[in-house]
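As a plain string of letters, each chain reads:
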Amino acid sequence: MKKVTAILFSVLLLFPCRAFSEPSAVVKRPTKIRVLRPAANAELPKIRPVPFNAPEIKEFVTPKGIKVWLVEEKDAPLISASVLFRGGSASDPERLTGLTELAVSLLDEGAGPYDAEEFQEIKAQKGIDISFNADADSVTASLTTLPEYKEEAFDLFRLSLTKPRFDRKAVKRVKEQMYAVIEARKGRPEAMAQKRWNRLIFKGHPYSRILPERDGVEAVGRSNLKRFVKTRFAKDNIVVSVAGNISEKELIPLLDGALGGLPEESAVLPVPAFSPERKAGIDVLTMAIPQSATIFGHKGIARDDPDFYSALVMMHVFGSGGMSSRLFNAVREKKGLAYSVGATLSVRHGAPMIIGAAASENSKLAEAVDVIKNEWRKMAEEGPTEKELRDAKTYLTGSFPLTFSSTPALANYLTRMQYFGLPKDYLQKRNALIEAVTLDDAKKTAKRIMHPESLFFVVVGKPANL
Amino acid sequence: MRKALFLAFLTFFPRPSAAEDIIPATSFVLDNGLEVIAIENRRAPVVTHMLWYKVGGTDDPSGKSGLAHVLEHMMFKGTKKIPDGEFSEIVSRNGGEENAFTGLDYTAYYQNIARDRLETVMFLEADRMKNLRLTEQDFIPELEVVKEERLMRYDNRPIMLLQERKNKALWGDHPYSRPVIGSRGELNALTLNDVKRFYEEHYAPDNAILIVAGDISAEELRPLAEKYYGGIPPRRAVADKRMPQPPYPVGVRLEMTHPQVKVYTFAKEYIVPSYMSDGGKKAPAYAVLAEMLGATHVGALYKRFVVRDETARAANAYYDGFAPGMTTFVVSAVTGDADSAEKLEKGIDAFLSSFAVKEKETEKAKARLVAGLEYVNDNPETAANLVGRVRVTGFPLERLQQWKEDISAVTREEVAEALKTMLTSAPSATTVLMPEGDAK
Numbered sequence: 001m002k003k004v005t006a007i008l009f010s011v012l013l014l015f016p017c018r019a020f021s022e023p024s025a026v027v028k029r030p031t032k033i034r035v036l037r038p039a040a041n042a043e044l045p046k047i048r049p050v051p052f053n054a055p056e057i058k059e060f061v062t063p064k065g066i067k068v069w070l071v072e073e074k075d076a077p078l079i080s081a082s083v084l085f086r087g088g089s090a091s092d093p094e095r096l097t098g099l100t101e102l103a104v105s106l107l108d109e110g111a112g113p114y115d116a117e118e119f120q121e122i123k124a125q126k127g128i129d130i131s132f133n134a135d136a137d138s139v140t141a142s143l144t145t146l147p148e149y150k151e152e153a154f155d156l157f158r159l160s161l162t163k164p165r166f167d168r169k170a171v172k173r174v175k176e177q178m179y180a181v182i183e184a185r186k187g188r189p190e191a192m193a194q195k196r197w198n199r200l201i202f203k204g205h206p207y208s209r210i211l212p213e214r215d216g217v218e219a220v221g222r223s224n225l226k227r228f229v230k231t232r233f234a235k236d237n238i239v240v241s242v243a244g245n246i247s248e249k250e251l252i253p254l255l256d257g258a259l260g261g262l263p264e265e266s267a268v269l270p271v272p273a274f275s276p277e278r279k280a281g282i283d284v285l286t287m288a289i290p291q292s293a294t295i296f297g298h299k300g301i302a303r304d305d306p307d308f309y310s311a312l313v314m315m316h317v318f319g320s321g322g323m324s325s326r327l328f329n330a331v332r333e334k335k336g337l338a339y340s341v342g343a344t345l346s347v348r349h350g351a352p353m354i355i356g357a358a359a360s361e362n363s364k365l366a367e368a369v370d371v372i373k374n375e376w377r378k379m380a381e382e383g384p385t386e387k388e389l390r391d392a393k394t395y396l397t398g399s400f401p402l403t404f405s406s407t408p409a410l411a412n413y414l415t416r417m418q419y420f421g422l423p424k425d426y427l428q429k430r431n432a433l434i435e436a437v438t439l440d441d442a443k444k445t446a447k448r449i450m451h452p453e454s455l456f457f458v459v460v461g462k463p464a465n466l
Numbered sequence: 001m002r003k004a005l006f007l008a009f010l011t012f013f014p015r016p017s018a019a020e021d022i023i024p025a026t027s028f029v030l031d032n033g034l035e036v037i038a039i040e041n042r043r044a045p046v047v048t049h050m051l052w053y054k055v056g057g058t059d060d061p062s063g064k065s066g067l068a069h070v071l072e073h074m075m076f077k078g079t080k081k082i083p084d085g086e087f088s089e090i091v092s093r094n095g096g097e098e099n100a101f102t103g104l105d106y107t108a109y110y111q112n113i114a115r116d117r118l119e120t121v122m123f124l125e126a127d128r129m130k131n132l133r134l135t136e137q138d139f140i141p142e143l144e145v146v147k148e149e150r151l152m153r154y155d156n157r158p159i160m161l162l163q164e165r166k167n168k169a170l171w172g173d174h175p176y177s178r179p180v181i182g183s184r185g186e187l188n189a190l191t192l193n194d195v196k197r198f199y200e201e202h203y204a205p206d207n208a209i210l211i212v213a214g215d216i217s218a219e220e221l222r223p224l225a226e227k228y229y230g231g232i233p234p235r236r237a238v239a240d241k242r243m244p245q246p247p248y249p250v251g252v253r254l255e256m257t258h259p260q261v262k263v264y265t266f267a268k269e270y271i272v273p274s275y276m277s278d279g280g281k282k283a284p285a286y287a288v289l290a291e292m293l294g295a296t297h298v299g300a301l302y303k304r305f306v307v308r309d310e311t312a313r314a315a316n317a318y319y320d321g322f323a324p325g326m327t328t329f330v331v332s333a334v335t336g337d338a339d340s341a342e343k344l345e346k347g348i349d350a351f352l353s354s355f356a357v358k359e360k361e362t363e364k365a366k367a368r369l370v371a372g373l374e375y376v377n378d379n380p381e382t383a384a385n386l387v388g389r390v391r392v393t394g395f396p397l398e399r400l401q402q403w404k405e406d407i408s409a410v411t412r413e414e415v416a417e418a419l420k421t422m423l424t425s426a427p428s429a430t431t432v433l434m435p436e437g438d439a440k
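Keeping their order, the protein sequence lines are chains C and S.
Residue numbering for the first sequence follows this note's numbering, starting at 1 and increasing by one per position.
Residue numbering for the second sequence follows this note's numbering, starting at 1 and increasing by one per position.
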């Protein structure tokens, strides 16, 4: 979770009109632009495709044993590091749900010689961005800095990962902030739907309790926090990627300084694999609000499954292709039943899912649910059309260069690649994997992974006629 | 990159060394009045193509709030050349990511796309500036979509309902009193004719700014801009935006309880000058004041109420200087219990009125504001957003380029004066949002 204070103030002032929110973004983009067929519309400008060469990843191991992926870019104004540790909130002991979130929120609240204010002031004076994020399966530490402040930045990084102070006052303050976030969530239909979904789908599994409760947070003591740092951040569960304006030679001492002192071995509670099997159905949590929010889906497909790429292309056609997806067209464009609707592959380790989300006025939700079910059935039975498949592939391949226009996003992308065990020449190979998906593959995969008979909906609101 | 973008806006923008431009931007104007800005960034073969119209919620005719935003939705329908639904399909098929947004004073459309497809989106965007085909068949379901958007952003979120009421009370008959998304009743009453008229009145090259950021120079952009946008006739009649007078100073206080609300949110909002009012002389001091009071972790409000007193869980101040006329300065805090809420309101009032602006804190706040200004040049989309946001409110590009100097020149006295003026003579609104059962 981001800094709790940011969540407390998350009021958007603009109205991005076409966006829809994906419950868990996982769809990654591929490589190398292919020649496009002439556009259907003769008046459109002719494109002279320029081949795109994805950057080479340099892999090396520092003297202190840290394996790194680096994409050096002399043109970039920034340096970003993305450091992931395997093991997240699903590894919290049952009586301490919230441990990971609390610990992660405290890493920049004072470390080494600095109290919280001093630590934050140094960052702010030099424009250094250090942030920590936790999800069910990992903790990610992100650093972005101007090249001129790289020494200071990596040193703050070291302090926060190895010497967080967990001052009593800071612990108390951040706990209070978490209680406020936990309370505030109770009034938010999307958050409640997510929580209910986790409860029902992952019953009996740690994923069912990854959103913290007050009791769990209260029970966390300073000794738990100290142990957290000692056992969760180590050299055997770390993934490190760096992008931007820095050379291998400059980076090695900085990384060894920041991460070289980590313990060799972690001790993270393992999370068992889980295959949610449910019958189709609808669960309603009543909340007196005018619009109902729903999350829906069923089990999905693993990232390392041989059919993953055909699933990715098929899902783009179905629900993750933004404004051109089937769900968007059927639910929103044709019938005006929702502003936000979509579905995507969630490739969480051990529990892959297909998850969608939508929100409709209470009297319209039942119809939206019917349309979604119908689209689900249609895709399972018929798969995508030749044209849909082609368009999805040119989107997935053609949008790949966009991955390389932001330093923090690139560092994060490299870390996701490593996290999923992809090879470093994946950047060069990815588009060919997408290209290789045939209509037959996509149809077979649709039949294999789309299960209308187990499509389950969680609804929060006051839906009529469900 | 939403986060980085948001951050850039909050702290205003990110930084360079003195005498150098903040952003490598070059602008020129076509004969038909379209302002064009190229922002060169060669790191990846991609561009952000962004068209800003100088029209937003403020321009909704009386009784028709939400119109500018409904038109934004309708812009994704067909034209004479591009059949219904094809716009987004073409962009997507070419690997483009796109979206649009409407604010009080602007409406913007953008696509992030590989450089070799730039002409495709220029063709599409220019085409819908002139040739939009508006039909009942598209309009009826799309109005339902907008109502669903309103339900999601406002009616399901008590804090936004309170904002809506607060804007009414604070801004009186100024157009900022109306919600960009549209009030429920007025949305229902909008017609296709309203949308047509609004489109014809406001969508023209001389009421727009085109920004292309990324793998392109001004020299490369100019012929393309001429080719695709140059042939669209200007409207000429597009009137200079005249901002109505700010409302007569009032001090309103609104309390709202709601069953969905579980924590207490307290806010004070003041109407203050922007970079465009009074020649922008006051704005830099307000930017420094907001940083000094409002920065998370290191701002005075956070240190006092979250860290020292422990009455608040969050405390913040925010100033958005980029508006064509007056703008607002907001101080807010969140807490979990009724006792703290009461203490907090009194405490913040007392704190602000006795706040001593110190030299050292002023310098620290100024340094924080300009540190990391360079971040804006990392990603073309971030730079395009900032430049668009600045230019659409009328602020000159050259002034943006020297923004760092303007901030550096702010004195402790100017910050103190800004605070004093704001507290004593600015129109203001206090809002308290609380759980049900706590109404006093």
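FYI, nobody ran anything at the bench for these hints, they're computed from the structure.
Mixed in with the good hints, there may be bad ones.
[As the list claims (entries may be wrong)] Rough simulated footprint, nothing fancy, chain C against chain S, three-plus residues with beta-carbon under 8 Å:
| # | stretch |
| --- | --- |
| 1 | 31–39 |
| 2 | 90–102 |
| 3 | 112–122 |
| 4 | 149–155 |
| 5 | 181–195 |
| 6 | 292–301 |
| 7 | 331–339 |
[Claimed, not checked] Which bits of chain C does chain S cover? Going by a derived footprint, with three or more residues having C-beta under 8 Å, they are:
| # | stretch |
| --- | --- |
| 8 | 289–295 |
| 9 | 418–429 |
[What the hints assert, rightly or not] One side only, chain S facing chain C, incomplete, derived with CB under 10 Å:
| # | residue |
| --- | --- |
| 10 | Ile82 |
| 11 | Arg235 |
| 12 | Arg236 |
| 13 | His258 |
| 14 | Val263 |
Every residue gets a Cβ at the ideal spot worked out from N, C-alpha and C, and that includes glycine.
Here is how each hint holds up against the structure:
Here the stretch 31–39 of chain S counts 0 residues with a CB under 8 Å from a CB of chain C, which misses the bar of 3, and the coverage is violated. Under the rule that three or more residues need a Cβ within less than 8 Å of chain C, the assignment of the stretch 90–102 of chain S holds, with 12 such residues. For the stretch 112–122 of chain S, the stated coverage by chain C is satisfied: 9 residues place a CB nearer than 8 Å to a CB of that chain, which reaches the threshold of 3. Look at the stretch 149–155 of chain S against chain C: 5 of its residues bring a Cβ nearer than 8 Å to a Cβ of that chain, three or more, so the hint holds.
Closer than 8 Å: that is the beta-carbon criterion, and the stretch 181–195 of chain S has 1 residues meeting it against chain C, so the requirement of 3 is violated. Check result for the stretch 292–301 of chain S against chain C: holds, 4 residues qualifying (beta carbon to beta carbon below 8 Å, three or more required). Given as covered by chain C, the stretch 331–339 of chain S passes the check, having 4 residues with a CB less than 8 Å from a CB of that chain where 3 are the minimum. Look at the stretch 289–295 of chain C against chain S: 4 of its residues bring a Cβ nearer than 8 Å to a Cβ of that chain, three or more, so the hint holds.
Beta-carbon proximity to chain S at under 8 Å applies to 0 residues in the stretch 418–429 of chain C; the threshold of 3 is not reached and the given coverage is violated. Interface restraint check for S:Ile82: the shortest CB-CB distance to chain C comes to about 7 Å, inside 10 Å, so the restraint holds. Interface restraint check: S:Arg235 against chain C, minimum CB-CB distance 24 Å, threshold 10 Å, status violated. A cut of 10 Å between beta carbons decides the hint on S:Arg236: the least distance to chain C is about 28 Å, and the hint is violated.
A distance limit of 10 Å between C-beta atoms decides the matter here; for S:His258 the minimum to chain C is near 8 Å, and the interface restraint holds. Taking 10 Å as the C-beta contact cut-off toward chain C, the hint placing S:Val263 at the interface holds, the least distance being around 5 Å.
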